[in-house]
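Student: Starting from the known structure of chain A, arrange chain B on it as the hints suggest.
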Amino acid sequence: MSDVAIKIEGLGKRYRYGGVAKLGTNIRADIADWFQNLRGRRSSDMTPRTLTTLKDLHEKRLDADPNYFWALKDINLEVKRGEVVGIIGRNGAGKSTLLKILSRITPPTTGKITYHGHVASLLEVGTGFHRELTGRENVFLNGSILGMKRTEITKKFDEIVAFAEVEKFIDTPVKHYSSGMYVRLAFAVAAHLEAEIMVVDEVLAVGDAEFQRRCLGKISEVASGGRTILFVSHNMSSIRSLCSRCVWLNAGQVQADADPAAVISRYLQSGDKSAGGHECSFAEDPAKEFQLLHARLCNAAGVGAQLFECDDPILIELDCRVHQRIPGLYGYLSISRADGTVVLVSDSHDLGTNPLDQLPLGAHRFRIRLPHRTLAPGSYKVYLNFASPAGVRGFNIDTPGALFTFQLTDHRTRRGNSRGGFLSTLVPWETQPPTTAA
Amino acid sequence: MDSSITVISVERHERVRQLLSDVWAYRELFYTFLERDLKVRYKQTALGAIWVVLQPLFVTGMFSLIFGRIAKMPTDGLPIVLFYFAANVPWGGFSRAVTGAAMSIESNAGLVTKVYFPRMVIPAAYVSGSYVDFSVGWVVLNLVAVGMGHWHWQLVAITPLLLVIQGTFALGIGLALAALNAQYRDVKNAVGFLVSMMMLLTPVIYPLSRLPDWARAWAWLNPMTGVIDSYRTSLQGGPFNWLSLTLCFLAALVYLTVGFWFFRNRESRFADVL
Chain A
55 MSDVAIKIEG LGKRYRYGGV AKLGTNIRAD IADWFQNLRG RRSSDMTPRT
105 LTTLKDLHEK RLDADPNYFW ALKDINLEVK RGEVVGIIGR NGAGKSTLLK
155 ILSRITPPTT GKITYHGHVA SLLEVGTGFH RELTGRENVF LNGSILGMKR
205 TEITKKFDEI VAFAEVEKFI DTPVKHYSSG MYVRLAFAVA AHLEAEIMVV
255 DEVLAVGDAE FQRRCLGKIS EVASGGRTIL FVSHNMSSIR SLCSRCVWLN
305 AGQVQADADP AAVISRYLQS GDKSAGGHEC SFAEDPAKEF QLLHARLCNA
355 AGVGAQLFEC DDPILIELDC RVHQRIPGLY GYLSISRADG TVVLVSDSHD
405 LGTNPLDQLP LGAHRFRIRL PHRTLAPGSY KVYLNFASPA GVRGFNIDTP
455 GALFTFQLTD HRTRRGNSRG GFLSTLVPWE TQPPTTAA
Chain B
1239 MDSSITVISV ERHERVRQLL SDVWAYRELF YTFLERDLKV RYKQTALGAI
1289 WVVLQPLFVT GMFSLIFGRI AKMPTDGLPI VLFYFAANVP WGGFSRAVTG
1339 AAMSIESNAG LVTKVYFPRM VIPAAYVSGS YVDFSVGWVV LNLVAVGMGH
1389 WHWQLVAITP LLLVIQGTFA LGIGLALAAL NAQYRDVKNA VGFLVSMMML
1439 LTPVIYPLSR LPDWARAWAW LNPMTGVIDS YRTSLQGGPF NWLSLTLCFL
1489 AALVYLTVGF WFFRNRESRF ADVL
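Chains as they are written, first to last, in this note's numbering: chain A, 55 to 492; chain B, 1239 to 1512.
The following block holds chain A by itself, in its conformation from the complex (with noise of 0.2 Å):
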């Protein structure tokens, strides 16, 4: 009993659409819920039936009304005291609702949390810093926000202004400093929270490379502190090293809870579904001499993904059609950055031999393999164009374009997903004996 930290039964939490709805929409749906809350609690004043009755009805009305949904439904969890577990899960998974409900901010619709210990969370660093204030009055008063009472700030003080680097500055309003100061300085505060239990959003995505390692290393230091920390990220590597169990959410419900490993595998090759991005189709149109049917991203296990790791390769599966022959057909793929720079370009007879030169009529399948460590980590996009100089119609003979994103991640090196550069090739540093020629 005493071992458990965090015991999360049945939560869940729903949310009304359309929060910048029309004024009177607002207050007419406030005014009803209102009269339903009224009844609800008046009826729970008389007899517990008419409650469940009255309420169940309201519940009912409730679940079948399109203009809710629930972010959250059903979350039970039991985090041991130590026990570092981190959440991951695609955006609208439900992880920032279940934070907010974790640190308080916004309560549950059913369900509860009972902590055992103090609780610390932390959501966004540098919450509540005033831009006129100096640094060492943004250290005091960050520091109360986050829960710090002033003689533990006081006596921490020196670390942390230490720790951010900015002793010079501390006495200069922190709209003088630079972004770099800014974010240590809030960071440094934060790092120095003293709580049993801590609830940490992705505050690390913020920084320099440099300062993101020291700040992994401050967490990994008070995670081997015995403190339970419930860690939410999108940085696989991080939560892989800092953490003993990891928790999937997927639409509002707990996909996977096993070790990190198990589970972040299981989610890079689960692909996002529900975008159905991975997949493409087009309608068939015998105008065409050939044409592009069918397009899938996958990995090497032949399962649908949009997500990869540097060390898998990726495949792009292709479903033709040929109507007519077309000497001298190739394909052209070419994959570029989010902001659009061209990193990749592959027509299809760059190896001597063009598989699509004269085929034959009727279905064909091809495999494009881009290799593993090829691309960086970061997002992609896929195009794709057939040609031939011996169209009938013109040079593009079909233009399926933009198909894909994909995106790439690396959490088996240490650099991982802060490489940069356009490339994660990995390149051999190699001992050689010295050379005795000067």
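Among the hints, erroneous ones may be present.
When the alpha-carbon atoms are kept at most 25 Å apart in a straight line, the in silico DSS-like pairs for lysine-lysine are as follows [what the hints assert, rightly or not]: (1) A:Lys272 to A:Lys203; (2) B:Lys1277 to A:Lys210; (3) B:Lys1426 to A:Lys203; (4) B:Lys1277 to A:Lys229; (5) B:Lys1426 to B:Lys1277; (6) B:Lys1426 to B:Lys1281; (7) A:Lys210 to A:Lys229; (8) A:Lys127 to A:Lys61; (9) A:Lys229 to B:Lys1281; (10) A:Lys166 to A:Lys134; (11) A:Lys272 to A:Lys210; (12) B:Lys1277 to A:Lys222; (13) A:Lys209 to B:Lys1426; (14) A:Lys127 to A:Lys166; (15) A:Lys134 to A:Lys61; (16) B:Lys1281 to A:Lys222; (17) A:Lys134 to A:Lys272.
By construction, these hints were calculated from the structure, which means they are not laboratory data.
Note that the structure is predicted; figures quoted are calculated from it, not measured.
Tutor: Frame of chain A, contents of chain B only:
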């Protein structure tokens, strides 16, 4: 190891005792907010804290000229300047408290959506902050009264009670408006207008004695009436209308209770609607 237990559930926010103990636990944050608001207010102004004195002085000058000299408003035997100054100092504090508190949740949305603390701490800090301006104005009021030969010890004696009434009333209205403004920004547009209307309903420009009897009988519904009238009465040397002051105090308590109740019912939703 600390074995404090925190429970978060649907019902949690409905317990008043829990809420009050939370507010008490976060009192340091209250001081921090108070300090921040005071520090920030006059940063990067050329005149700095002189503004605190300048505002009531300027308004008093205008009122004295227009209502005193030109409109010849009776002043119950007080010198015109003192008559208006005695009203402008508390009214200035009150209107700053109400306006600041009403906007407070919205203007601190960045905190409300990122960190937990009892939300009441924010409007309460704004109301308390208004006392700082008040104190400076009050000292000047005493100096002006001494200078004009109209100072009376009762001014000092009655002030604490009047401050309690003023703060209670301002916090009550401020809490309700702050909660409302979190969801409906209409409040932001209405609050200036609302405060001006209240000033007209309060004997700031005119003496209480100018109101018809029936209106005076109900004046305690607006506790600021009793507050401002009592400052003037104290300078005239008394006697205070204790019945009216008691009613004002009770009315202020009712406003605070209603404001508190309204705020408490809504505060859990702030993060979702801001």
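Student: A separate judgement is required for each hint: does it hold in the structure or not?
Tutor: Hint check results:
Taking the CA atoms of Lys272 of chain A and Lys203 of chain A, the gap is about 21 Å. The hint holds against a cut of 25 Å. Simply put, Lys1277 of chain B and Lys210 of chain A have alpha-carbon atoms about 23 Å apart, close enough for the 25 Å limit, and the pair holds. Proposed proximity of Lys1426 of chain B and Lys203 of chain A is contradicted: the alpha carbons are some 34 Å apart, above 25 Å. With a C-alpha separation of about 15 Å, the suggested pairing of Lys1277 of chain B with Lys229 of chain A holds against the 25 Å cut-off.
Using a Cα cut-off of 25 Å, the hinted pair Lys1426 of chain B and Lys1277 of chain B holds, with the two alpha carbons roughly 24 Å apart. Using a Cα cut-off of 25 Å, the hinted pair Lys1426 of chain B and Lys1281 of chain B holds, with the two alpha carbons roughly 24 Å apart. Of the pairs offered as hints, the one joining Lys210 of chain A and Lys229 of chain A holds, with about 23 Å between alpha carbons and a cut-off of 25 Å not exceeded. Distance hint between Lys127 of chain A and Lys61 of chain A is fulfilled; the C-alpha atoms sit about 16 Å from each other, no more than 25 Å.
For a cut-off of 25 Å, the pair hint linking Lys229 of chain A to Lys1281 of chain B stands: about 12 Å separates their Cα positions. Proposed proximity of Lys166 of chain A and Lys134 of chain A is supported: the alpha carbons are some 17 Å apart, at most 25 Å. A C-alpha spacing of about 15 Å is found between Lys272 of chain A and Lys210 of chain A, which places the hinted pair at or below 25 Å, so the restraint holds. Proximity of Lys1277 of chain B to Lys222 of chain A is assessed by CA-CA distance (about 22 Å); at most 25 Å being required, the pair is judged to hold.
The suggested pairing of Lys209 of chain A with Lys1426 of chain B is violated, with an alpha-carbon distance near 41 Å, which exceeds 25 Å. The hinted pair formed by Lys127 of chain A and Lys166 of chain A meets the criterion: a straight-line CA distance of about 12 Å does not exceed 25 Å. For the suggested pair Lys134 of chain A and Lys61 of chain A, the alpha carbons sit about 9 Å apart, so the restraint of at most 25 Å is met. Distance restraint check for Lys1281 of chain B and Lys222 of chain A: the Cα-Cα separation of roughly 22 Å lies within the 25 Å cut-off, and the hinted pair is therefore satisfied.
Between the alpha carbons of Lys134 of chain A and Lys272 of chain A the distance comes to roughly 21 Å, so the proposed pair stays at or under 25 Å and holds.
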